[in-house]
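Student: Here are the chains, one letter per residue:
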Amino acid sequence: MNKLKYLTQMSLKKKIATKWFYVANIILLVLVVGLINIDSIIKLFGGSFEKNDEIIIIDNTNSIYNEFIDNYKRFSEYLDSDDDTKIELYDKSLEEAKEEVKEDDKILLVIDNDQENFIKAEVITNKAINAITFQIITTSLNSAKQNMALEYFNISEDMLSIVNNAVNIERTRLDESKDIDETMELIMSVAFPILILPFFMLTLFLTQMIGAEVNEEKTTKSMEIIISNVSAKTHFFSKVIAGNVFVLFQGLLLVLFAILGLTIRYFISGGLITGEAASTIIDVIDSLKDTGFINNLVYIIPITLVLMILTFIAYSLLAGILASMTTNMEDYQQLQTPIIIISLVGYYLAMMAAMFEGSIFIRIASYIPFISSLLSPALLMLGQISIIDVFISLLLLIAVVFVLIKYGLRIYKVGILNYSSNHLWKKMFKAIKNKE
Amino acid sequence: MLKVEHVTKKYDDLVAVNDLSFEVADGEIFGLLGLNGAGKTTTFRMIMGLIDDYTGKITLDGSKIDYNVTDKIGFLTEERSLLTKMTVLEQITFYGILKGMKKEDIEKKLDYYLQRFGISEYKNKKIKELSKGNQQKIQFISSIIHAPKLLILDEPFSGLDPLNVEIFKKEILDLKAKGTSIIFSSHRMEHVELFCEKLVVLVKGKSVLEGRLKDIKKNYKKKNIIIAGDIDVEELKKAKGVVSIVKQEDYYVIKIEDNSYVSPIFKKISKYDNITKFAVEDASLNEIFVSIVGDNYE
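Line order of the protein sequences matches chains A and B.
If you read the first sequence in my numbering, its first letter stands for residue 381, the second for the next number, and so on.
If you read the second sequence in my numbering, its first letter stands for residue 135, the second for the next number, and so on.
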């Protein structure tokens, strides 16, 4: 049997054919599906949020009340609020109304005439109220006021509609290479946190797996038996291949968990995204289609995937080299943490890129391997760098992978049979200088 | 046959192995002895191909050490070289396949050895669940599963009770009878004396004593006289050529400088009428080792 293939299979088997792999993935499945359906879960368990508001209205204008109720219902439906607010006209004194507010936690709305502004209102509550409820009250009152104004100034509804229409703004960019709409920043702020978490998690899995295996074999001295039968090169590549196959497999599982979560959401909520958010997203997608951004995804997605895979490979090579240099798992873990956190730098820079558009620092950072996999596609999507810059990042990443293989292998060969941390760096620099 | 010819290995200024040469014939057990840090492990690593930047030559049956050759070598390391999370079957299969064996052959041979060592019930148990002695048996099986041409045993009896030591001894002698060349390393000189026909003693990487055990013992000047009976110890201590007198349970061991002092001592004790035993013996390997290594160790 091919020894590289066998060692790779064994590494994968050690990682996958364990009850802890199943336990971890069951937890991940529950978490991913749960997070996607978190709103449904919160509602399922119930709680005080389900208590419907009760609004009592003292309508000193004697004309707004009915229209307010109509408006309130209309805006509640528009905002997809499950609100079942009870609204009633109050006919007792203000002081009595305040007592009820105190005792029953009601919302008191006092509407008065206003000479300058048609109406004025006061909302009296015992404590803070739901922001959406307050928003609906405000919008309902404004709408009622508009109708009063229509009547007063004798303005037709068509005329009001023209007045209320948003200004038609046409966007033209003379530099066609930057055909990115401003809505991209919104996409970035939503999409990136979703992307960084699994990327960070998979990087952690990868480096952890390689480090643990190399250290286990070193500390048990079984490394001596293994390396006497296979070359250090074969051993090194078996760990790197197994680590990357594992990460791809685990990544695929996460995607499947997400699909399952979305499917459940679709059947529970009657759609993936509902309410006003749905129309906002559709607007954003339409806007992206208009700018041609969607078409650009044809090359942005593969480039991002290639950058990510190459980054995983670079991380696995680095993990193998560092694991070979350390003499126990504790030392390796101390070394591993700051190295994985490098990938987070890319994430934060990507988030800050919109604020510091044109920053030379962020542009140069996008070339740096380990950071580039997140930062470079992000800047490309924001239109801050061109496809040529992304290719520079790609080439630099390939160069780093090459260097890690060429010189890292020399360190690995010496490191895996080194059990002492005395003169460690001297030994490693000497190993780098040694040719095969 | 293993041939180690003028092998020198340096770590910067430290000479770990200095111009070492020896041969181990087929079916021969060879002792490689020395204190900790004497260069034994470095020598084993060179034979196993783990270190290749040395001067000199190492060959097995005329072939230089490479991965085809190391497939024919079994190595039982001093420390446990087992992946303890694996089961016995997985571990032996893992090492067996790395040695170029087929899965089916490995399991068949494993069953045979497990039965021979009386631990068949542990075949599917994780190694970490086994006792120290049983782990050592598994390690021993892992080193012989591929019927090696050369077997390196570094402290093979570590962690074994006397009964299991006997089982191991029998197995080692069986392998020798089948023609396996064996390098044996141990700090227990009684074990070395039991097995080894030839040996080399290393001090700071250099051979300070080598040859056939029989010849080494014969050529070592200091002898032991065993006397059973009542003697005047103080008087005998003053006698010329006596190095020391040690009282054992029912006899005395008188260490003398060399054979020439046997006759005067015999004359001295012949006046006693209750002497039941007078015998001259070669020094033990342990004594020779302590003396030689002590003299050469600064």
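I should point out that these hints are in silico values taken from the structure, not numbers from a laboratory.
Heads up, a few of these hints could be off.
[What the hints assert, rightly or not] EDC-like, lysine to aspartate or glutamate: derived pairs with alpha carbons at most 20 Å apart:
no., chain 1, residue 1, chain 2, residue 2
1, A, K806, B, D146
2, B, K374, B, D416
3, B, K389, B, E368
4, B, K266, A, D439
Student: For each hint given before, does the structure comply? Return the numbers of the non-compliant ones in rising order.
Tutor: 4
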